[in-house]
Amino acid sequence: MSSPSNVGRMERHLRDRRDNGAKLLVAYITGGYDGWEAAVESAAAAGADAIEIGIPFSDPVMDGPVIQEASQAALETGATPASVLSSVPKLDTGVPHAVMTYYNLAHHPGHERFAATLAKSAIDAAILPDLPLVESGPWREAASNVGIETIMLAAPTTPDHRLPELCEASKGFVYAVGLLGVTGERAALAATATEIAKRCKEVTDKPVLTGVGIGSPEQAVEASSVADGVIIGSAVVRRLLDGGGAEGVGDLVAAYRAALDAG
Amino acid sequence: MVMTDPNKEGRFGDFGGRFVPETLIPACEELEEAFREAWNDAEFVEEFHRILRDYGGRPSPLTECYRLSEDLGVRLLLKREDLNHTGSHKINNVIGQALLARRMGKSRLVAETGAGQHGVASATAAALLDMECKVYMGEVDVKRQALNVFRMQLLGAEVEAVSSGSKTLKDAVNEALRDWVATVEHTHYCLGSVMGPHPYPWMVRTFHHVIGDEAHEQCLKLMNQLPDVVVACVGGGSNAAGIFSGFSDSDARLVGVEPAGGAAVGRGVPGVVHGMTSYLMQDEVGQVQEAESISAGLDYPGVGPEHAHLSAIGRAEYPAVTDQEVVEAFQLLSRTEGIIPALESAHALAWVVREAPSLQGQTVLLNLSGRGDKDVDQMMDVLGPGNIQ
Ligand SMILES: Cc1ncc(COP(=O)(O)O)c(C=O)c1O
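Chains as they are written, first to last, in the numbering used here: chain Z, -8 to 254; chain F, 70 to 458.
Check before you lean on any hint, since a few could be wrong.
Coverage of chain Z stretches by chain F, computed from C-beta distances (three or more under 8 Å per stretch; other residues unrestricted) [said to hold, decoys possible]:
(1) 20 to 34
(2) 42 to 52
(3) 80 to 91
(4) 205 to 218
(5) 222 to 235
Covered stretches of chain F, going by a simulated chain Z footprint (3 or more residues, C-beta under 8 Å) [claimed, not checked]:
(6) 150 to 162
(7) 232 to 243
(8) 251 to 262
(9) 337 to 343
It should be emphasised that the hints constitute simulated quantities derived from the structure, not laboratory data.
Where a beta carbon is used, it is the ideal one built from N, C-alpha and C, also for glycine.
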């Protein structure tokens, strides 16, 4: 399968990797948290295919305790969208970057302005988990006008009849939410994780990545038996909260990479 | 009609909508559908009104304040939502939503609460209808409204203190939403005000419409005319929406009173949080700010979208009063009329007292949304037993 010519950098990169036989790995790191820049570079060096950079928001409703704690700590030390975004072009990763944040931070400055800021800041894609498909049209258009890919989330509760439209609207990849719940590691992979990925794969040939609830390399492998890959967030951020630093993050990502490569 | 149904995207003018994670979209759609159906089902509506009457104590009386009216030079009428079962207007909405949850086959309620009145009402409805109930309450509010925490527990609900963010109502809403994202298949989120994603603002207002309908009739009966001013306090805005809805097509001036430390409409900056676009207190980049009010029930940086709309079109006005003015109004009503109001409701009175010189000779209908028993402990700290003015 060759990439359609009009796709953005995130999707092109992930398609190429997938079509070369790789399982995809995306790592999330909370921007602004102490040591986040080194952690991003280290995650990329350890084999992440793309990095999600969180812009901390005051009311992260899709996040569990780990990412909430990192976000709050980052806000308390003065992190702002500008402070996080201005650092990204200086990072040496060699892979595409997505931001993950909440819609009010795009709404407040205005869609055009926020999208333009992302485009100027070495960001390829955006994930706004509180902006569902029905409300997303104006933002997606503004983003797309400056080449920002908006990654949409498909949930276990999303009905079949809405999936084709949702996958069509999603750019970069399709984010299959692995379980009913907020971000955070779980002891076992939820049954919903493979179900939702399978349902997405049936209606799109875009990369489908499963995220939310992935807590071990074994779970990542299991989820990737259906999905094209996984997103790991809380597991990574917990390393930072526990004081593992960039090195701890690199080791963790390397472990996931090795497991996915071994199949 | 001014207070009409929202459009099909759930918007009142530019405000409202459905800004929740994709996971919750089907639940919001199901709820909208179920509510439309139920509200068109005479049996459902009858059961709702029957419970409000036989269990809740409706209709609530209209009380004329003779002493205070004379002091202020304003004819002051109180709509006595404080006399409802559980002590506030919150029971209207909760009975409606609990009946709806049962109709949808959901066996568990989650709720957020600030002052604890909505939590108590939710716990009450859950006991009545044999449902499980979990209430999220900010840690700060758990302390200042300890009595209500115990009431909820007595009623069989589980209360979880929320320690994230500002540890008040805003964060309790976040935590209730997180719970709902994980439990949506068997749980109904019993939201306590005219806020949140569509259909909540519209549905909650509809369940509180009874306040305005009764008051309209009671005013006509008492005075053969409608009041010049209708005033209510505004946190999310449910008691205000309820009473406004009975008068929005009259000539009455509609006044929603916000706390100075939580004046979402007053600042007039639109934002998106908790599922809706509305006026929202936020900093220069869009982080939601923490409200700061003496009253836990109004300690909220946002406001229901229909109020943002009523303000934008100039139909209602939203002044703010200070904690100090509220403390004085709280004591004033207690002394002159023998009614201890909730601190929330005292905001509405504080505005009347301040504006009295410009309201001379007018009739003012004030929605007394709740009683002040829950606040007595806190006021003892504020005033000190020897310091009552
Ligand atoms: C007595 C009373 N009035 C008012 C409110 C504020 O809610 P709303 O603005 O939705 O009426 C509360 C909330 O806790 C309350 O307990």
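Going down the list of hints, with the structure as the test:
1. 20 to 34: violated (count 0)
2. 42 to 52: holds (count 5)
3. 80 to 91: The restraint on the region 80 to 91 of chain Z is violated, since only 0 of its residues have a Cβ under 8 Å from chain F and three are required.
4. 205 to 218: Contact hint for the region 205 to 218 of chain Z vs chain F: violated, 0 residues under 8 Å.
5. 222 to 235: violated (count 0)
6. 150 to 162: Contact hint for the region 150 to 162 of chain F vs chain Z: violated, 0 residues under 8 Å.
7. 232 to 243: The restraint on the region 232 to 243 of chain F holds, since 5 of its residues have a Cβ under 8 Å from chain Z and three suffice.
8. 251 to 262: This one holds; 4 residues, not fewer than the three required, reach chain Z with a Cβ under 8 Å.
9. 337 to 343: Held - the region 337 to 343 of chain F has 5 residues with a Cβ nearer than 8 Å to chain Z, which meets the minimum of three.
Hint violations for this structure: numbers 1, 3, 4, 5, 6, all remaining hints satisfied.
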